[in-house]
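Take a look at the letters that make up each chain.
Number of protein chains: 2
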Amino acid sequence: MPNILHIVATDGEARAGLLRTHHGDVPTPAFMPVATQGSVKAVDPFDLKGLGATILLANTYHLYLRPGIEVIRRQGGLHSFMSWDGPILTDSGGFQGYSLEHLRQIGEEGITFKSHIDGSVHLLTPEAAIDYQESLGVDIAMALDVCPPYGGGKADLDESMQITHRWAIRCLERHTNKKQALFGIIQGGSFADLRAESAEFLTSLDFPGYAIGGLSVGEPKEMMYRMAQFTTGLLPNGKPRYLMGVGSPEDLVECVARGIDLFDCALPTRIARNSALFVHTGRLNIDTAPYREQEGPIEEGCDCFTCQHFSAAYLHHLFRARELLAYRLATIHNLRFVIRLMEEMREAIFCGAFEEYRQRFHKRFIPPDETVRIIQKEKWLEAQGRPRPARPP
Amino acid sequence: MPNILHIVATDGEARAGLLRTHHGDVPTPAFMPVATQGSVKAVDPFDLKGLGATILLANTYHLYLRPGIEVIRRQGGLHSFMSWDGPILTDSGGFQGYSLEHLRQIGEEGITFKSHIDGSVHLLTPEAAIDYQESLGVDIAMALDVCPPYGGGKADLDESMQITHRWAIRCLERHTNKKQALFGIIQGGSFADLRAESAEFLTSLDFPGYAIGGLSVGEPKEMMYRMAQFTTGLLPNGKPRYLMGVGSPEDLVECVARGIDLFDCALPTRIARNSALFVHTGRLNIDTAPYREQEGPIEEGCDCFTCQHFSAAYLHHLFRARELLAYRLATIHNLRFVIRLMEEMREAIFCGAFEEYRQRFHKRFIPPDETVRIIQKEKWLEAQGRPRPARPP
Numbered sequence: 001m002p003n004i005l006h007i008v009a010t011d012g013e014a015r016a017g018l019l020r021t022h023h024g025d026v027p028t029p030a031f032m033p034v035a036t037q038g039s040v041k042a043v044d045p046f047d048l049k050g051l052g053a054t055i056l057l058a059n060t061y062h063l064y065l066r067p068g069i070e071v072i073r074r075q076g077g078l079h080s081f082m083s084w085d086g087p088i089l090t091d092s093g094g095f096q097g098y099s100l101e102h103l104r105q106i107g108e109e110g111i112t113f114k115s116h117i118d119g120s121v122h123l124l125t126p127e128a129a130i131d132y133q134e135s136l137g138v139d140i141a142m143a144l145d146v147c148p149p150y151g152g153g154k155a156d157l158d159e160s161m162q163i164t165h166r167w168a169i170r171c172l173e174r175h176t177n178k179k180q181a182l183f184g185i186i187q188g189g190s191f192a193d194l195r196a197e198s199a200e201f202l203t204s205l206d207f208p209g210y211a212i213g214g215l216s217v218g219e220p221k222e223m224m225y226r227m228a229q230f231t232t233g234l235l236p237n238g239k240p241r242y243l244m245g246v247g248s249p250e251d252l253v254e255c256v257a258r259g260i261d262l263f264d265c266a267l268p269t270r271i272a273r274n275s276a277l278f279v280h281t282g283r284l285n286i287d288t289a290p291y292r293e294q295e296g297p298i299e300e301g302c303d304c305f306t307c308q309h310f311s312a313a314y315l316h317h318l319f320r321a322r323e324l325l326a327y328r329l330a331t332i333h334n335l336r337f338v339i340r341l342m343e344e345m346r347e348a349i350f351c352g353a354f355e356e357y358r359q360r361f362h363k364r365f366i367p368p369d370e371t372v373r374i375i376q377k378e379k380w381l382e383a384q385g386r387p388r389p390a391r392p393p
Numbered sequence: 001m002p003n004i005l006h007i008v009a010t011d012g013e014a015r016a017g018l019l020r021t022h023h024g025d026v027p028t029p030a031f032m033p034v035a036t037q038g039s040v041k042a043v044d045p046f047d048l049k050g051l052g053a054t055i056l057l058a059n060t061y062h063l064y065l066r067p068g069i070e071v072i073r074r075q076g077g078l079h080s081f082m083s084w085d086g087p088i089l090t091d092s093g094g095f096q097g098y099s100l101e102h103l104r105q106i107g108e109e110g111i112t113f114k115s116h117i118d119g120s121v122h123l124l125t126p127e128a129a130i131d132y133q134e135s136l137g138v139d140i141a142m143a144l145d146v147c148p149p150y151g152g153g154k155a156d157l158d159e160s161m162q163i164t165h166r167w168a169i170r171c172l173e174r175h176t177n178k179k180q181a182l183f184g185i186i187q188g189g190s191f192a193d194l195r196a197e198s199a200e201f202l203t204s205l206d207f208p209g210y211a212i213g214g215l216s217v218g219e220p221k222e223m224m225y226r227m228a229q230f231t232t233g234l235l236p237n238g239k240p241r242y243l244m245g246v247g248s249p250e251d252l253v254e255c256v257a258r259g260i261d262l263f264d265c266a267l268p269t270r271i272a273r274n275s276a277l278f279v280h281t282g283r284l285n286i287d288t289a290p291y292r293e294q295e296g297p298i299e300e301g302c303d304c305f306t307c308q309h310f311s312a313a314y315l316h317h318l319f320r321a322r323e324l325l326a327y328r329l330a331t332i333h334n335l336r337f338v339i340r341l342m343e344e345m346r347e348a349i350f351c352g353a354f355e356e357y358r359q360r361f362h363k364r365f366i367p368p369d370e371t372v373r374i375i376q377k378e379k380w381l382e383a384q385g386r387p388r389p390a391r392p393p
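Here the protein sequences line up with chains A and B, keeping their order.
Per this note's numbering, the very first residue in the first sequence carries number 1; after that it's consecutive.
Per this note's numbering, the very first residue in the second sequence carries number 1; after that it's consecutive.
I should point out that these hints are in silico values taken from the structure, not numbers from a laboratory.
Hints should not be assumed to be uniformly reliable.
If chains are identical, the list can't say which one is meant, so a pair holds when it fits in one copy or spans any two.
Each computed DMTMM-like pair below joins lysine to aspartate or glutamate, with the alpha-carbon atoms no more than 25 Å apart [to be verified]: (1) K49 to E295; (2) K363 to E173; (3) K49 to E109; (4) K178 to D25; (5) K154 to E355; (6) K178 to D156.
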């Protein structure tokens with residue numbers, strides 16, 4: 001497979017490029033909205049085009065359970081099924097080995113899941129993960145990996161990494177679809193020597209792109225940034241680097257600064273449905289009193305569909321009255337916010353002004369306190385009936 | 001006020017016309033999507049324009065409770081607040097005297113409600129209903145009425161009607177906005193002599209339009225049709241006739257046949273969110289097995305956004321996976337179905353082919369059995385925490 005990423009400009013470690021896929025080119029750095037079950041929650045593909053999304057992420061394991069891989073294959077593949085003609089990347093299901101930890105067993109053969117839908121039992125092997133992603137017809141497939149939670153011991157992380165490496169070989173051997181790029185996933189937790197070993201091993205297999213997995217799983221932000229930076233330093237320059245499950249606006253800026261090209265995260269869409277909206281100063285909760293009578297949009301100057309057509313007061317009302325339209329309008333705003341952020345960073349990289357952009361961003365954008373952030377995430381996980389992730393020490 | 005309805009063609013009792021309002025003309029017969037709280041559930045104003053909606057219905061009492069009439073007035077009125085620049089009609093709150101029966105007391109002065117939101121107590125007088133609708137700036141306001149449930153005795157219905165008449169005078173005396181039409185509401189239940197008295201009294205007050213209230217409140221369909229027909233026969237030809245709370249596709253056809261010009265009903269949007277979709281043969285439940293792999297749209301030839309872009313299998317999946325996009329796509333389909341039905345009837349009236357259209361419609365469209373329909377409605381009311389309506393004897 002020829003190079004799929006063309007680096008067009010760099011500024012420090014930050015890179016601007018073009019990721020070529022069978023369903024079109026993706027200007028990088030890029031943020032992928034999350035369509036776990038084949039739908040970015042609350043919005044449609046035309047909304048996504050309108051707000052500048054260029055590539056989506058879907059999930060092999062979720063789609064395997066429902067509606068079933070064969071159903072989608074018979075409908076002409078995932079693009080056709082969900083009416084999105086742009087690029088799609090699928091996670092293999094490895095992340096569900098983390099997020100559905102209480103419902104799975106990991107063995108050499110693969111991951112055995114107990115379905116969260118009907119309790120049935122399913123073995124996801126590396127070969128199956130590849131077969132499924134080939135049947136879905138997505139542009140970028142991910143190797144099956146073991147993604148351990150933060151806080152495990154080094155021996156456990158090493159073992160998870162070794163399995164990930166053996167599975168990477170099995171995935172490569174199984175993969176035949178020339179229209180689809182298969183990315184390897186670096187593991188190793190927060191241990192630099194494991195990360196180095198993982199990067200060395202996986203780059204020797206010559207994947208067309210690499211993901212950094214096993215981050216954003218409960219560790220402090222500073223550690224995540226450090227590990228992302230350390231790992232990008234070990235990856236080939238000419239290939240795409242995808243940091244899985246990241247992130248918040250401040251994470252996106254910090255990780256573009258560290259040489260990441262691709263991101264995905266459910267945060268912007270999830271908090272939107274919970275009435276938390278991004279503005280240049282941070283997050284606001286639109287359902288609170290200050291917005292009850294705000295005539296102007298959520299943010300002056302925002303070019304999203306929501307801000308172009310609706311007042312903050314109306315959004316406030318929709319959330320208070322539990323109107324379904326609230327979720328779509330809020331989702332559009334937050335996705336446009338992070339995608340515009342990517343566009344602005346790309347522009348800054350081209351202009352050699354990335355560091356300036358980064359400083360200005362941090363001066364204005366105040367993220368929620370990390371403790372608040374972790375508590376909110378725990379509450380959300382609990383509301384989903386999932387166990388709490390390991391707590392940072 | 002000059003005539004606001006221009007009848008352009010008739011065919012039997014059916015009429016096609018143009019209803020003139022301060023925010024544009026409405027071709028009649030017309031169906032008004034229901035935006036109780038200032039939002040047609042799950043869709044936005046651009047969706048509504050796209051599917052051919054020409055006039056919306058909102059609710060004074062609900063908007064009074066939340067976000068508050070003054071909030072909307074300060075935002076420039078309801079059109080500006082909800083970003084809908086077409087005509088709006090508001091019900092006065094009289095219907096909540098029926099639907100929130102367990103939370104209200106009716107006296108000569110007005111209706112005293114206990115808020116379903118916070119339990120606070122509010123007196124809605126005819127004068128207040130007018131003031132609120134003037135503040136909302138809607139195109140058509142409704143007089144405050146007493147809307148009794150089906151199954152009451154004649155003496156009770158008579159008394160409700162007499163109060164409605166006295167309130168109609170108070171509403172007229174209070175109403176000053178020349179850009180807004182105020183409609184009177186005929187009551188009298190299913191008693192022809194009461195209906196005749198109500199029509200005679202209210203037409204003597206020379207409202208610019210008349211609604212038929214107190215139907216679709218639990219009575220058998222045949223009785224509703226009979227009463228609608230009897231009442232239209234008593235109303236002036238040159239003024240709009242609005243049958244409140246109707247209806248299903250078969251009701252729309254039967255009541256256009258009886259000379260009704262305007263309709264509103266939550267049914268198409270409510271059942272859409274419950275996965276029931278209209279097709280030319282009746283209703284289907286998109287979340288059931290037959291649609292799991294249906295590659296084509298919900299209905300071949302349907303011109304709605306949903307059918308133009310998404311397969312029945314995808315809709316099926318969205319409902320099964322409880323994806324929010326399901327509600328919007330299903331709502332768009334059902335609203336387009338009933339609005340296209342109105343467009344087709346209008347065309348048939350112009351062509352002198354209404355009776356033929358009506359016969360063809362009934363030959364193909366099989367509504368759910370009436371018993372099933374009533375049980376479904378009761379289940380829904382129970383799920384809303386409301387008491388069951390009076391059962392037909």
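Which of the numbered hints are not met once you compare them with the structure shown? 2, 3, 5 and 6
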